[in-house]
Amino acid sequence: MSSPEYWTKPQPPDAAGSESPPGSPPAATAARPTAEQVIAGLRATSEGGPDLVQLLTPEGERVAHPHFDIDITPEELRGLYRDMVLVRRADRESNALQRQGQLGIWVPLLGQEAAQIGAGRAMRPRDMAFPSYREHGVAWCRGIDPTELLGIFRGTDHGSWDPVATRFHPYTIVIGNQCLNAVGYAMGQRFDGRIGDGHDSADAEATVAFFGDGATSQGDVNEAFVWGAVYDAPVVFFCQNNQWAISEPMERQSRIPLYQRASGYGFPGIRVDGNDVLATLAVTRWALEECRSGNGPVLIEAFTYRMDAHTTSDDPSRYRLADELEAWKLKDPIERVKAYLHRQQWADRDYFEEVDRESDALAARLREFCQRMPVPSADRMFSEVYANGSPVVAAQRDEFLTYLSQFEQTGGER
Amino acid sequence: MTEVDVRSRPRATDGSATGQGPGKVTIGKALNLGLRAAMERDPKVILMGEDIGRLGGVFRITDGLQKDFGEQRVLDTPLAESGIVGAAIGLAIRGYRPVCEIQFDGFIFPAFDQIVSQLAKLNYRSQGRIRMPVVIRVPFGGGIGAVEHHSESPESYFAHTAGLKVVACSNPVDAYWMIQQAIESDEPVLFFEPKRRYHEKAELDLSATPAPLHSSRVLRPGTTATLACYGPMVKTCLEAAESAAEQEGHELEVIDLRTLSPLDLEPVYESVRRIGRLVVASEAPGESSIASEIAARVQQECFYSLEAPVVRVTGFDTPYPPSKLEEEYLPDLDRVLHAVEQSLGW
Ligand SMILES: Cc1ncc(C[n+]2csc(CCOP(=O)(O)OP(=O)(O)O)c2C)c(N)n1
Ligand SMILES: [Mg+2]
Chain A
377 MSSPEYWTKP
387 QPPDAAGSES
397 PPGSPPAATA
407 ARPTAEQVIA
417 GLRATSEGGP
427 DLVQLLTPEG
437 ERVAHPHFDI
447 DITPEELRGL
457 YRDMVLVRRA
467 DRESNALQRQ
477 GQLGIWVPLL
487 GQEAAQIGAG
497 RAMRPRDMAF
507 PSYREHGVAW
517 CRGIDPTELL
527 GIFRGTDHGS
537 WDPVATRFHP
547 YTIVIGNQCL
557 NAVGYAMGQR
567 FDGRIGDGHD
577 SADAEATVAF
587 FGDGATSQGD
597 VNEAFVWGAV
607 YDAPVVFFCQ
617 NNQWAISEPM
627 ERQSRIPLYQ
637 RASGYGFPGI
647 RVDGNDVLAT
657 LAVTRWALEE
667 CRSGNGPVLI
677 EAFTYRMDAH
687 TTSDDPSRYR
697 LADELEAWKL
707 KDPIERVKAY
717 LHRQQWADRD
727 YFEEVDRESD
737 ALAARLREFC
747 QRMPVPSADR
757 MFSEVYANGS
767 PVVAAQRDEF
777 LTYLSQFEQT
787 GGER
Chain B
165 MTEVDVRSRP
175 RATDGSATGQ
185 GPGKVTIGKA
195 LNLGLRAAME
205 RDPKVILMGE
215 DIGRLGGVFR
225 ITDGLQKDFG
235 EQRVLDTPLA
245 ESGIVGAAIG
255 LAIRGYRPVC
265 EIQFDGFIFP
275 AFDQIVSQLA
285 KLNYRSQGRI
295 RMPVVIRVPF
305 GGGIGAVEHH
315 SESPESYFAH
325 TAGLKVVACS
335 NPVDAYWMIQ
345 QAIESDEPVL
355 FFEPKRRYHE
365 KAELDLSATP
375 APLHSSRVLR
385 PGTTATLACY
395 GPMVKTCLEA
405 AESAAEQEGH
415 ELEVIDLRTL
425 SPLDLEPVYE
435 SVRRIGRLVV
445 ASEAPGESSI
455 ASEIAARVQQ
465 ECFYSLEAPV
475 VRVTGFDTPY
485 PPSKLEEEYL
495 PDLDRVLHAV
505 EQSLGW
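Chains as they are written, first to last, in my numbering: chain A, 377 to 790; chain B, 165 to 510.
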């Protein structure tokens, strides 16, 4: 067992004060992985390691898995393919809109389509999602139109969808915050009797918290693991390990693969091929079902890759090699599904062309919408600061609007 | 107060081998040179933060420093602000002088507990046995068209906390000296950097004598009214003074506060006693703010000299708005001049 996939820190001699068994190394030394273990761990980090759950290889071959197999109809798989193509197209178009000055910034999801569509499609309408800021694919699955994401990045709003009706919380930019919020929501689901035996499973509920590999270092995320465990909360911690937190590689955040963290908190952790939409769907479905039946939480590490820059403001050539991207292109999440659909003759050329046409139309609609987005009026700034209003804010609003109206009267530029 | 004259120390190689200095530099570059000088002078100075090593920071303030000083002096830390500050405290106890970078103003709050509960209080709790020579660098303020949490002005929280020193630079020359003075100080310093001004340039004369860290300074003398400001608002106020001189013949005196805790208000009192009218400008929300504190103290110290109430021109008491509204939110030249008019019209 030379891989940190299985490396666990040796336990100290038991608390009763008994001596270490003869021949065992001193704890301080034993607690350090060997050089081989470290190297194997790094390799495991870049290749996924032996525990990676995969149902569709990068070449588009279906493989069996003892625990997480899934029956998928041709129609379902075509649907997953379509989802991924459309969200990728919306992502590329939004990226281009930023380049053309229509958006202030864009956060690309390129490469993470399978992780997000797999997780998003595993959810039922009653389930709740707490995204970070890159979950455009999950938003899609929650019925949020890509146009509704634009305001955040154009600077016209902080999120325009209805988080209550869609059960898709506003994007959270402060790394890790939403994980605790998700746990609280899931505790509520449990307190409301929405999980467990004897419950009509049709209206059972669970929650998914989305976050990144970098986020796993935050106190909030670790506290969320503790709280989720202590309250048996029906929450799936869905970590997209895209290998990078801006410029910092995985090794800056962890010594062991992330999914193994779960056991320390007392719940299962599974590493899934996040570029395999089938595997992600299967694992997330299972995890949600565990949660709905009272066996939460579950940690899923979706092993994937951020194929573009962190955001449009970022320049990845400063910190990572182009070769790495080339290697990951061979594991593209969409190509493998396309290859499989082909091979199975579940989709023909007409179908693929139809999806392409649909994505062209989506891109055109997105562009058109973006260019017409109105600038919000100044009073928006003062609205809903408090649920019940505030005399301070009201006075500032009135004074400022009066001040602005002077410029309108004189027709002057400010 | 222990003011350190960084000038008297052996100076770092900051591209100025000839002694003439690096010429015109931006605030960002001046900070980079200042950090480099401090690191060369003292091997105990280490930098900690997210993306500050290989990338050189998202604003490139630490560009090239990891390459030159190694990974043990420039740490690309795990993504955890409480960790950054909490570990910096431990390192400081152990004799290091950590300089922490918080990537954006809005991300300092995970570290709030460590800053307020430990960093600010350890000197007091240990009755001076434990010093906290920790600097926390915070790019702050708006105006860059960013998404939420990237444009905030949280300085008042820290000025409100006993045990912390708080400063804000506004130009390259100050940036260069103040960062070194902050690092040499044995006290914890929250160091606010005006991110929308990072690219502003000025001549950096390395032979100049830097003003003490905790001192404010008159940047432009005047007779009509006084503008007290700091950080990104300094440029706005200087422009307002320029415009008022041209258009109205008004001579506005501009004071760069530089130090927010402790405030150095003597130059402000002196100015108000002479001129009688004061406008305080800041991007931060106005309620319970540094601007409020200045207004209160000036009316206490200069009551009989005031010709008008102190006017505050600040961000509104709302969350920072979506960026398409930030031009409205941030006090601009017109709002500063409007505040001057209010004062003159009293
Ligand atoms: C509390 C906090 N600190 C710092 C940042 C700045 N920041 C934004 S994204 C990011 C990296 C996040 O990496 P990861 O969690 O892996 O998610 P990814 O962006 O790769 O999806 C950082 C440091 C932030 N948004 N919030
Ligand atoms: Mg990541």
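Calculated directly from the structure, the hints in this document are not laboratory data. Treat each hint with caution, since some may be false.
What the hints assert, rightly or not - Computed, partial: chain B to chain A, Cβ under 10 Å:
#, residue
1, 215
2, 246
3, 247
4, 450
5, 464
6, 467
7, 480
8, 487
9, 489
10, 502
Glycine included, C-beta positions come from ideal geometry on N, C-alpha and C.
### Query
Do the numbers back the hint for residue 480 of chain B, that is, is its least Cβ distance to chain A under 10 Å?
holds (5 Å)
### Evaluation of the interface hint that places residue 487 of chain B against chain A, nearest CB under 10 Å
holds (3 Å)
### Query
Should the interface hint for residue 215 of chain B be scored as holding, given a Cβ-Cβ cut-off of 10 Å against chain A?
Result: holds, 5 Å to nearest chain A Cβ.
### Proposed interface contact between residue 450 of chain B and chain A, which counts if any beta carbon pair is under 10 Å
Where the cut-off is 10 Å and the nearest Cβ of chain A is about 8 Å from residue 450 of chain B, the hint holds.
### Query
If you take the shortest Cβ to Cβ gap from residue 489 of chain B to chain A, is it below 10 Å?
Since chain A brings a Cβ to about 5 Å from residue 489 of chain B, closer than 10 Å, the hint holds.
#### Entry: Interface restraint verdict for residue 467 of chain B against chain A (beta-carbon cut-off 10 Å)
violated (25 Å)
### Message
Holds or violated: the hint that residue 246 of chain B contacts chain A, with Cβ atoms closer than 10 Å.
### Response
holds (5 Å)
### Message
Does the closest beta carbon of chain A sit nearer than 10 Å to the beta carbon of residue 502 of chain B?
### Response
holds (7 Å)
### Query
Does the nearest C-beta of chain A fall within a distance shorter than 10 Å of the C-beta of residue 464 of chain B?
violated (23 Å)
### Query
Regarding the hint that residue 247 of chain B lies at the interface with chain A, is the smallest CB-CB distance below 10 Å?
Constraint on residue 247 of chain B satisfied, holds at 7 Å.
When held up to the earlier numbered hints, the structure conflicts with 5 and 6 and fits the remainder.
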